[in-house]
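Enquirer: Make a model of the complete structure from these sequences and hints.
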Amino acid sequence: NAGVTQTPKFQVLKTGQSMTLQCAQDMNHNSMYWYRQDPGMGLRLIYYSASEGTTDKGEVPNGYNVSRLNKREFSLRLESAAPSQTSVYFCASSAPGTLGNYGYTFGSGTRLTVV
Amino acid sequence: KQEVTQIPAALSVPEGENLVLNCSFTDSAIYNLQWFRQDPGKGLTSLLLIQSSQREQTSGRLNASLDKSSGRSTLYIAASQPGDSATYLCVAGGGSQGNLIFGKGTKLSVKP
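Taken in order, these protein sequences are the chains called A and B.
79 is the number that the numbering used here gives to position 79 of the first sequence; each next residue is one higher, with no gaps.
58 is the number that the numbering used here gives to position 58 of the second sequence; each next residue is one higher, with no gaps.
Incorrect hints may appear among the rest.
What the hints assert, rightly or not - Keeping only pairs whose Cα atoms sit at most 30 angstroms apart, straight-line, the calculated DSSO-like set for lysine-lysine is:
id: 1; chain 1: A; residue 1: 9; chain 2: B; residue 2: 42
id: 2; chain 1: B; residue 1: 42; chain 2: A; residue 2: 71
id: 3; chain 1: B; residue 1: 68; chain 2: B; residue 2: 107
id: 4; chain 1: A; residue 1: 57; chain 2: B; residue 2: 1
id: 5; chain 1: A; residue 1: 57; chain 2: B; residue 2: 68
Simulated from the structure, these hints should not be mistaken for laboratory data.
Expert: The following block contains the structure:
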């Protein structure tokens with residue numbers, strides 16, 4: 001099925017460990033995003049990539065790095081995981097159209113627990 | 001700074017009722033307003049996207065309206081069904097890439 005695919009779906013890390021969350025989309029979208037969702041906070045933007053080869057910080061970038069490997073793939077890396085990074089992470093993509101018609105498609109999420 | 005507020009935070013209704021979910025935003029300079037549905041443990045499913053130049057969008061039993069001047073959007077669900085039970089998120093799209101501001105959602109429960 002066309003859409004946004006995230007791996008893994010679940011992950012438990014120990015404090016200080018590193019890991020990379022993978023995201024791929026097959027809709028030929030230019031823009032891709034990483035969000036985190038915490039109870040009572042709503043979704044917050046971590047990083048985004050407006051187009052292949054570019055990345056920019058969002059609202060909560062500290063502790064994360066990203067790579068836009070190609071048009072399809074956008075990965076999120078935690079270099080040294082902290083308990084505060086326990087969250088559900090969502091990848092999304094969009095295809096800009098006229099007048100800012102940015103319809104977004106989300107992946108099913110990665111549930112990360114840092115102990 | 002854009003803020004999106006959704007009221008109520010939770011809503012429980014009997015099957016068959018028509019209902020309205022409310023969303024307000026503080027900055028009227030938005031490009032679009034999108035409503036999503038999120039089921040427990042799942043991702044976000046887009047329901048309706050309203051461009052800033054539009055007043056409303058309809059899809060099946062769903063109708064979303066947008067009033068930029070008052071900073072409000074509503075999602076109307078007709079003849080609610082138990083399968084409509086989910087959290088509904090209102091999202092305001094701003095003037096630059098990545099500038100999506102999410103509300104905290106309304107958790108809807110439709111009882112048979």
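Enquirer: Next, verify each hint and record whether it holds.
Expert: Hint check:
1. A:9 - B:42: Roughly 10 angstroms between the alpha carbons, so the hint for residue 9 (chain A) and residue 42 (chain B) holds.
2. B:42 - A:71: Distance ~25 angstroms between residue 42 (chain B) and residue 71 (chain A) Cα, so the pair holds.
3. B:68 - B:107: Holds - the C-alpha atoms of residue 107 (chain B) and residue 68 (chain B) are around 24 angstroms apart, at most 30 angstroms.
4. A:57 - B:1: Roughly 16 angstroms between the alpha carbons, so the hint for residue 57 (chain A) and residue 1 (chain B) holds.
5. A:57 - B:68: holds (28 angstroms)
Violated hints are absent here; each numbered hint is respected by the structure.
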